[in-house]
Every structure is written in C-alpha cells, then in structure tokens.
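Enquirer: Chain by chain, the residues:
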Amino acid sequence: MTLTTKHFGADIPKIGFGTWKLRDETAQMCVAKAIRLATG
Amino acid sequence: MIDTAQAYENETHVGRGIADSQTPRDDLWVTTKIWTSEFKDGDLQASLRKSLERLDLDHVDLVLLHWPNKDVSMEETFAALNDARSKGMTKHIGVSNFTVEQMGQAVKLSEAPILTNQVEYHPFINQTPVLEAAHALGMSVTAYSPLAQGQVFDDAVLKEIGEKYGKSPAQVTVRWFVQQPGVITIPRSSSPEHIAANNDVQDFELTAQEMGRITALNANHKRLIDPSWAPEWDTAA
Numbered sequence: 001m002t003l004t005t006k007h008f009g010a011d012i013p014k015i016g017f018g019t020w021k022l023r024d025e026t027a028q029m030c031v032a033k034a035i036r037l038a039t040g
Numbered sequence: 001m002i003d004t005a006q007a008y009e010n011e012t013h014v015g016r017g018i019a020d021s022q023t024p025r026d027d028l029w030v031t032t033k034i035w036t037s038e039f040k041d042g043d044l045q046a047s048l049r050k051s052l053e054r055l056d057l058d059h060v061d062l063v064l065l066h067w068p069n070k071d072v073s074m075e076e077t078f079a080a081l082n083d084a085r086s087k088g089m090t091k092h093i094g095v096s097n098f099t100v101e102q103m104g105q106a107v108k109l110s111e112a113p114i115l116t117n118q119v120e121y122h123p124f125i126n127q128t129p130v131l132e133a134a135h136a137l138g139m140s141v142t143a144y145s146p147l148a149q150g151q152v153f154d155d156a157v158l159k160e161i162g163e164k165y166g167k168s169p170a171q172v173t174v175r176w177f178v179q180q181p182g183v184i185t186i187p188r189s190s191s192p193e194h195i196a197a198n199n200d201v202q203d204f205e206l207t208a209q210e211m212g213r214i215t216a217l218n219a220n221h222k223r224l225i226d227p228s229w230a231p232e233w234d235t236a237a
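Taken in order, these protein sequences are the chains called A and B.
Number 40 marks the last residue of the first sequence (the numbering used here); no jumps.
Number 237 marks the last residue of the second sequence (the numbering used here); no jumps.
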C-alpha cells in the first residue's frame, strides 16, 4: 500500500526516494530498487 | 516517487533505473527540478524538454523551481512553468526552497496550483512558518535531507523510541513524517538495505507524545543546507 496525501486533486506519495548526490550506475540501481519496493 | 533534478546531473541514470524497474508509467511518480539559470520564458521549456529526453519520459508528474531566482521576474518564470504544463511536459508544478512570502507570490501568479514547496526538513530544524503557510494555501511540504544527513542515527530520543518498536532512528523519523498531514519525505540512500528499511514503516504508529518529543528536537534549529544563493529564510516566532 502506498501512503498518499491529496492536494488539488493529486494523490502524492508520502514517501519518495531522493537521488541527490547519487550518480551513474549507483543512481540507476538505487532508483530501480526504490521503485520495486514502493510498487511491489 | 522518484525525486531528481537537473542540478544532480543524474537524470540519465535515473531514467535508466526507471526503465530497469519495468514498472508501468502510471504506477510511478517522477519529480524533477529546473535549475535557476533556466528560469526565462523559452529557456525553461527547452531545459525541461532536455530533462525529459535524459529521463526517457514523455512527461514528469511534477516539476519544481529548484531555488528562487531574484534575477528573473516570477511573472515570467511562472508563465513559462504554466506553459510547460499546458504543453503536457508535466502534470503538476511546484517550488523548492521558497520562503513564505515567495510561496504566496507563486500562488497568486500561477494559473495552475502549486502542489508543494520542497524544503530542508528534519527533526532538528523548525519549519513551522513554511508548514503553516503551506497548509493555509492547500499545498504540501516535501522534506529534503529528512534524516539530517545521518544525524538522526545519533539522537538519543529517536534511538529510545526506535527501541520500543524495534525500529532504527531513521525509520522512526520517516514514520514521524508519514504521520504529519500534508508532508512528504524523500530519504536518500545508496544502500539497498537502507532503501528497504526506509520504506518499512507501516507496521507501527507513533503516539501523540512521541510525535511531540520528536518535534521538540528542533529547539536548536539546525539548518544544514544554506548556500550563498539561498533566500532570507523564515524564522519561527
């Protein structure tokens, strides 16, 4: 289940994944992992 | 939700990670941010188009102005931002590092709603003015550096509360954000284990007293991100 907060009709996920300072293949791997966890 | 920015210089690899996840686009929320050098009409739309090319997406869900820029009028920038939205490049628009006064100006100038103000927010900084203003305007607040660059791991209160629930100080902090209405948090980690842990916060609930104890950690008001181009920040009364 994804927790969301609703503003102006948009359901925004309350927990996201920040990528500041993540570069190259590390960013790629972490993004894929974070999405799978959030949507799996 | 995935949060990136032009200034992070990682949009290409973020896009590859999105593709690797093999997740339907409609199940994803992708946010990026426009750097301040691209705030003029025309420049903004062109730079967002380049971001979309790097991300290999036909639109993002949310695009933010990364920092206020006093060298370009807000009228021009918000007209450009709304134009990008009307062209389908983004579903929603928002701001980052805006003061309370700038949030109010943005709402007045923008045709489309301003969905969020992304600001530094963690247990050790008092963001009451921004939170109250956002609530009054119907906006959300997105917390960046939510774990205070790892400083939450050393806090005695967060450790103590975490021990009660079998959770880490980081998980307690993420849960503290989850329980605040209208607040979004975007923890970052390069460790797959920590990424998983930061999402594992739905099996416990902080009491009102625990929420208050964590909020009270902001008494010393510690700001970690304060570059030379930052605006004059709001201070709590």
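Hint data in this document are derived by calculation from the structure and do not stem from the laboratory.
Errors might be hidden in some of the hints.
Pairs of lysine to aspartate or glutamate, DMTMM-like flavour, derived with a Cα cap of 20 Å [what the hints assert, rightly or not]:
#, chain 1, residue 1, chain 2, residue 2
1, B, LYS50, A, ASP24
2, A, LYS33, B, ASP154
3, A, LYS33, B, ASP200
4, A, LYS33, B, ASP26
5, A, LYS33, B, ASP56
6, B, LYS87, B, GLU75
7, B, LYS159, B, GLU193
8, B, LYS70, B, GLU232
9, A, LYS33, B, GLU193
10, B, LYS222, B, GLU163
11, B, LYS87, B, ASP43
12, A, LYS21, B, GLU232
13, B, LYS91, B, ASP56
14, A, LYS6, B, GLU75
15, A, LYS6, B, ASP56
16, A, LYS21, B, GLU76
17, A, LYS6, B, GLU232
18, A, LYS33, B, ASP20
19, A, LYS21, B, ASP234
20, A, LYS6, B, GLU193
21, B, LYS70, B, GLU193
22, A, LYS6, B, GLU132
23, B, LYS91, A, ASP11
24, B, LYS108, B, ASP56
25, B, LYS164, B, GLU132
Enquirer: Take the hints in turn and mark each one as holding or not.
Expert: How the hints compare with the structure:
no. : hint                    : in the structure
1   : LYS50(B) <-> ASP24(A)   : holds, 18 Å
2   : LYS33(A) <-> ASP154(B)  : violated, 26 Å
3   : LYS33(A) <-> ASP200(B)  : holds, 14 Å
4   : LYS33(A) <-> ASP26(B)   : holds, 18 Å
5   : LYS33(A) <-> ASP56(B)   : holds, 18 Å
6   : LYS87(B) <-> GLU75(B)   : holds, 18 Å
7   : LYS159(B) <-> GLU193(B) : holds, 19 Å
8   : LYS70(B) <-> GLU232(B)  : holds, 12 Å
9   : LYS33(A) <-> GLU193(B)  : holds, 10 Å
10  : LYS222(B) <-> GLU163(B) : violated, 25 Å
11  : LYS87(B) <-> ASP43(B)   : holds, 15 Å
12  : LYS21(A) <-> GLU232(B)  : violated, 25 Å
13  : LYS91(B) <-> ASP56(B)   : holds, 16 Å
14  : LYS6(A) <-> GLU75(B)    : violated, 27 Å
15  : LYS6(A) <-> ASP56(B)    : violated, 27 Å
16  : LYS21(A) <-> GLU76(B)   : violated, 30 Å
17  : LYS6(A) <-> GLU232(B)   : violated, 29 Å
18  : LYS33(A) <-> ASP20(B)   : holds, 9 Å
19  : LYS21(A) <-> ASP234(B)  : violated, 26 Å
20  : LYS6(A) <-> GLU193(B)   : violated, 29 Å
21  : LYS70(B) <-> GLU193(B)  : violated, 41 Å
22  : LYS6(A) <-> GLU132(B)   : holds, 17 Å
23  : LYS91(B) <-> ASP11(A)   : holds, 12 Å
24  : LYS108(B) <-> ASP56(B)  : violated, 33 Å
25  : LYS164(B) <-> GLU132(B) : violated, 31 Å
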